[in-house]
Amino acid sequence: MRRSFAILILLAMPAAVAAQSSQLSARGLGQPGRWLSTRSTATGGSFAMFDPGSTLNPASLGGTQTLTAMFTGLQDFRTVENPSGTASLRDNRFPLVSVAGPTRRAPLVLGLSYSNYADRDFSFATVDTLDPLGTPVQVFDTLSSRGGISDFRIAGAYHLSQTTLGGGFHILTGSNRLESRRTFHQGSYLPLTEKAEVSYGGIGGSLGLIHHVGARLSVALLARADGHLDVDKDSTRVGQLDLPYMLGMAARVEFSPRVALAGQGIYRTWSASNSDLLATGAVGSENTIDLSFGGEFLPDVRRPSRRPIRLGGHYATLPFLLEVGQQPTEVGVAAGSGMSFAQDRGGIDLALEYLWRSAGEFKERVFQLSIGVSVRP
Amino acid sequence: MTAPARRTSGRLLGLVGGMVLVAGLAAGCQERLTSPGQCPQLCPGGDVRTLDIVLSPTVGHDSTYTGYVNRGDGVALLVSNGFAVSENRAAYRMSPRPDSIEVRDTNRTYTVDSVALSLTVLARDTLVNGLKLVLYRISDTVNATATFSSLDAQLIPENVIDTLEVPDTMTTGTIRRVLHGPDLAKVDLPLAGNGILALGVSMVADQPTGVRIGSARAGNGASFTSYVTVNVSDTTTSVRKQALALTPTFNTFVTQTPVLPDPRFLTVGGDSSSRSLLRFSLPAEIAESANIVRATLNLVPRTAIPGLRGDLAILEGRAVLADLGAKSPVSTDVRFIVDDTLTAGSSDTVRLDVTRIVQLWQASTTAPDAIFLSLLPEASTFTRGEFGSTRSDPELTPSTTEPVGAPRLRITYQRPFPFENP
Numbered sequence: 054m055r056r057s058f059a060i061l062i063l064l065a066m067p068a069a070v071a072a073q074s075s076q077l078s079a080r081g082l083g084q085p086g087r088w089l090s091t092r093s094t095a096t097g098g099s100f101a102m103f104d105p106g107s108t109l110n111p112a113s114l115g116g117t118q119t120l121t122a123m124f125t126g127l128q129d130f131r132t133v134e135n136p137s138g139t140a141s142l143r144d145n146r147f148p149l150v151s152v153a154g155p156t157r158r159a160p161l162v163l164g165l166s167y168s169n170y171a172d173r174d175f176s177f178a179t180v181d182t183l184d185p186l187g188t189p190v191q192v193f194d195t196l197s198s199r200g201g202i203s204d205f206r207i208a209g210a211y212h213l214s215q216t217t218l219g220g221g222f223h224i225l226t227g228s229n230r231l232e233s234r235r236t237f238h239q240g241s242y243l244p245l246t247e248k249a250e251v252s253y254g255g256i257g258g259s260l261g262l263i264h265h266v267g268a269r270l271s272v273a274l275l276a277r278a279d280g281h282l283d284v285d286k287d288s289t290r291v292g293q294l295d296l297p298y299m300l301g302m303a304a305r306v307e308f309s310p311r312v313a314l315a316g317q318g319i320y321r322t323w324s325a326s327n328s329d330l331l332a333t334g335a336v337g338s339e340n341t342i343d344l345s346f347g348g349e350f351l352p353d354v355r356r357p358s359r360r361p362i363r364l365g366g367h368y369a370t371l372p373f374l375l376e377v378g379q380q381p382t383e384v385g386v387a388a389g390s391g392m393s394f395a396q397d398r399g400g401i402d403l404a405l406e407y408l409w410r411s412a413g414e415f416k417e418r419v420f421q422l423s424i425g426v427s428v429r430p
Numbered sequence: 090m091t092a093p094a095r096r097t098s099g100r101l102l103g104l105v106g107g108m109v110l111v112a113g114l115a116a117g118c119q120e121r122l123t124s125p126g127q128c129p130q131l132c133p134g135g136d137v138r139t140l141d142i143v144l145s146p147t148v149g150h151d152s153t154y155t156g157y158v159n160r161g162d163g164v165a166l167l168v169s170n171g172f173a174v175s176e177n178r179a180a181y182r183m184s185p186r187p188d189s190i191e192v193r194d195t196n197r198t199y200t201v202d203s204v205a206l207s208l209t210v211l212a213r214d215t216l217v218n219g220l221k222l223v224l225y226r227i228s229d230t231v232n233a234t235a236t237f238s239s240l241d242a243q244l245i246p247e248n249v250i251d252t253l254e255v256p257d258t259m260t261t262g263t264i265r266r267v268l269h270g271p272d273l274a275k276v277d278l279p280l281a282g283n284g285i286l287a288l289g290v291s292m293v294a295d296q297p298t299g300v301r302i303g304s305a306r307a308g309n310g311a312s313f314t315s316y317v318t319v320n321v322s323d324t325t326t327s328v329r330k331q332a333l334a335l336t337p338t339f340n341t342f343v344t345q346t347p348v349l350p351d352p353r354f355l356t357v358g359g360d361s362s363s364r365s366l367l368r369f370s371l372p373a374e375i376a377e378s379a380n381i382v383r384a385t386l387n388l389v390p391r392t393a394i395p396g397l398r399g400d401l402a403i404l405e406g407r408a409v410l411a412d413l414g415a416k417s418p419v420s421t422d423v424r425f426i427v428d429d430t431l432t433a434g435s436s437d438t439v440r441l442d443v444t445r446i447v448q449l450w451q452a453s454t455t456a457p458d459a460i461f462l463s464l465l466p467e468a469s470t471f472t473r474g475e476f477g478s479t480r481s482d483p484e485l486t487p488s489t490t491e492p493v494g495a496p497r498l499r500i501t502y503q504r505p506f507p508f509e510n511p
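So the sequence lines, in the order shown, correspond to chains A and B.
Per this note's numbering: the first sequence = residues 54 to 430.
Per this note's numbering: the second sequence = residues 90 to 511.
These are calculated hints, taken from the structure and not from any lab test.
All values reported here derive from a predicted model rather than from experimental measurement.
Treat the hints with care, as some may be off.
Okay, the calculated beta carbon distance ranges per label pair [to be verified]:
{"no.": "1", "chain 1": "B", "residue 1": "412", "chain 2": "A", "residue 2": "292", "range": "41 to 47 Å"}
{"no.": "2", "chain 1": "A", "residue 1": "189", "chain 2": "B", "residue 2": "393", "range": "55 to 61 Å"}
{"no.": "3", "chain 1": "A", "residue 1": "324", "chain 2": "B", "residue 2": "455", "range": "51 to 57 Å"}
{"no.": "4", "chain 1": "A", "residue 1": "189", "chain 2": "B", "residue 2": "257", "range": "45 to 51 Å"}
{"no.": "5", "chain 1": "B", "residue 1": "412", "chain 2": "A", "residue 2": "283", "range": "45 to 51 Å"}
{"no.": "6", "chain 1": "A", "residue 1": "189", "chain 2": "B", "residue 2": "455", "range": "34 to 40 Å"}
{"no.": "7", "chain 1": "B", "residue 1": "141", "chain 2": "A", "residue 2": "136", "range": "27 to 33 Å"}
Glycine included, every Cβ here is placed at the ideal spot set by N, Cα and C.
Whole structure, please, built from the sequences with the hints as guidance.
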């Protein structure tokens with residue numbers, strides 16, 4: 054009863070989940086999510102394919118020992134730079150909520166998660182001078198978007214000796230609430246606000262595998278296909294958008310009971326969306342790669358969740374272009390730790406990440422704080 | 090340091106660190122999302138397009154109608170002397186003064202001790218000094234058929250009651266004069282008569298000018314108060330000494346040469362109380378989907394606007410609910426009533442912000458694309474607006490003999506923002 058109650062509370066937490074915003078999320082579907090728990094974020098994402106708290110690889114659910122609920126919060130501080138100027142921004146997000154637990158009669162772990170597939174939060178302000186009726190008038194424009202696409206996953210992992218197989222069914226849903234506002238410096242012109250809501254719907258599936266090669270080496274494989282996304286604007290179907298296939302591979306090496314290192318690579322065929330995006334007037338999209346590497350040091354082997362030291366970094370390309378031939382990139386370094394309490398029934402993880410994103414003259418530096426709370430009732 | 094002390098200090102350090110972390114998160118949990126934009130890279134869908142269009146009324150369908158308010162039915166009367174705009178005289182007919190007063194259930198006669206006459210000045214040219222209002226006793230049969238000549242013929246020295254001097258420092262206010270003794274004969278109302286006093290008003294000043302005085306309609310017309318002693322044996326002052334205050338039951342003003350609206354132009358105001366109806370045809374592109382951010386109606390005066398210097402009139406535009414010509418019903422919703430001041434002597438183009446009215450044309454399927462113009466106060470001001478029409482515009486009517494540009498409706502609008510999908 055108490056377990057069910059705790060799970061209900063966690064599932065009732067904010068359903069609007071999203072990853073960090075970025076000026077590079079203005080086009081296409083926005084900023085793709087990375088499906089990382091705080092623990093994986095602290096290793097640059099390198100442990101994500103093996104981390105039961107991350108929702109990247111369904112096979113990683115196999116690492117869940119007991120019913121566990123996780124909640125992740127993000128706060129980021131950004132410095133944005135583009136040809137129009139610079140700005141210091143900040144926002145907070147809740148990118149991942151998950152519940153998973155083993156079944157009693159079979160080596161099977163089942164889990165539900167709600168995570169961010171793509172985030173399109175932005176607000177851009179511009180100043181211009183128009184010449185209506187031959188009289189110069191200064192205008193202030195604001196274009197903003199709130200929302201994104203969420204990924205609701207139902208997944209399971211099955212243990213087979215040295216191998217764990219996982220599969221997930223994904224429901225993609227969400228919306229962008231777009232708003233364009235123009236105000237005139239001269240009061241005799243009326244300010245104007247226009248709104249539109251673009252909603253999305255789609256389904257996908259993922260398969261994953263984790264294989265333990267001996268006692269110290271593990272490898273993971275991932276494949277995911279999401280078909281296409283139905284796009285409605287103000288309740289009217291305006292088209293479809295092909296979504297990418299995703300292929301991933303990772304390896305983890307435990308050099309000793311205290312030290313583990315992992316590396317991971319993910320390839321996503323975002324160019325599948327290119328023609329659909331070009332048809333809507335967007336600049337287009339390109340395939341992406343996400344490479345990460347990191348490690349974890351356990352000061353207390355008997356209690357691995359007691360203040361571990363995690364380090365990592367990653368390099369990624371981002372799919373949606375601002376300019377033709379100028380694919381955005383992201384480089385990040387991260388560190389973090391965590392602690393457990395109440396006889397490991399509760400835990401808090403912390404990750405600090407510093408990111409550099411750029412696409413030509415569009416740059417941003419992000420300091421990001423991630424906090425993960427886990428409950429094992 | 091002992092082990093328990095180390096543990097205690099460690100916990101304290103952890104507690105302080107935790108509090109700092111929580112405080113930092115709480116402080117950071119505020120969003121600031123707006124960054125500088127850069128088009129076209131950061132403008133999905135494009136940018137907001139603002140466009141202009143200039144419309145003229147439908148040719149031949151801009152009309153002037155007259156006679157909405159009769160002279161004297163407005164909120165002021167006009168009096169002038171040598172004024173270039175118009176030559177006017179005013180008249181009041183007071184309510185009858187009773188020939189007896191009821192005291193203790195008995196009608197009793199009275200003796201007039203004195204009378205007070207007053208006039209209210211509503212507007213004058215403050216740059217003209219020496220303004221005097223001259224009160225005449227005129228026939229008590231004066232009515233709406235009075236003409237300038239019939240009234241002016243009675244304004245002779247023999248009929249002068251008094252001259253009310255208006256202080257040069259006074260712009261508006263009431264002038265009062267008390268008559269007693271021999272002067273009472275000038276306003277004597279014989280017992281055998283109908284008890285009605287009628288007053289004619291003219292004016293003199295150091296320069297030709299005009300003045301607007303109060304009217305019965307506005308409740309500030311001339312007043313005629315008789316202070317009487319009642320023929321009663323009671324010596325109580327409040328019983329014997331009484332005042333009979335009378336106000337006008339009729340008033341009017343007359344114009345020497347009434348100006349009739351020239352059909353080639355659009356006229357508002359004047360003593361003919363003219364209004365103008367402008368009909369437009371909004372292009373489909375704007376009517377169906379544009380977002381109107383500003384609409385200005387430009388009116389080109391035929392000449393410098395005639396009127397009393399310093400006396401502002403209000404040009405009012407109202408949305409038309411149905412086009413029935415002169416009898417078109419107009420909106421009483423304040424959102425669709427616009428106004429601006431009309432300054433006498435100005436020959437600048439008059440600009441009226443009609444944004445809300447044009448937005449109504451878009452939103453309503455029944456309201457015609459039309460505006461009714463009038464000048465306030467109607468039939469109560471020297472100001473008269475005379476503007477170019479489609480019949481005087483050389484581009485629209487090349488055969489015009491006196492070219493003055495037609496009204497122009499300048500609309501600034503935006504097309505719907507092309508939000509990018511996705």
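Do the hints match the structure? See the list:
1. Against the hinted window of 41 to 47 Å, the Cβ-Cβ separation of residue 412 of chain B and residue 292 of chain A comes to about 44 Å, which satisfies the hint.
2. Between residue 189 of chain A and residue 393 of chain B the beta carbon distance is about 30 Å. The supplied range of 55 to 61 Å is therefore violated.
3. Restraint check, residue 324 of chain A to residue 455 of chain B: a C-beta distance of roughly 54 Å satisfies the suggested window 51 to 57 Å.
4. Between residue 189 of chain A and residue 257 of chain B the C-beta distance comes to about 46 Å, which sits within the given range of 45 to 51 Å.
5. Taking 45 to 51 Å as the suggested C-beta distance range, the pair residue 412 of chain B and residue 283 of chain A conforms, at roughly 48 Å.
6. Judged by the Cβ atoms, the range 34 to 40 Å given for residue 189 of chain A and residue 455 of chain B holds: they are separated by roughly 38 Å.
7. Roughly 29 Å separates the CB atoms of residue 141 of chain B and residue 136 of chain A, a value that falls within the hinted 27 to 33 Å.
This entry does not satisfy hint 2, going by the numbered hints stated previously; all others are met.
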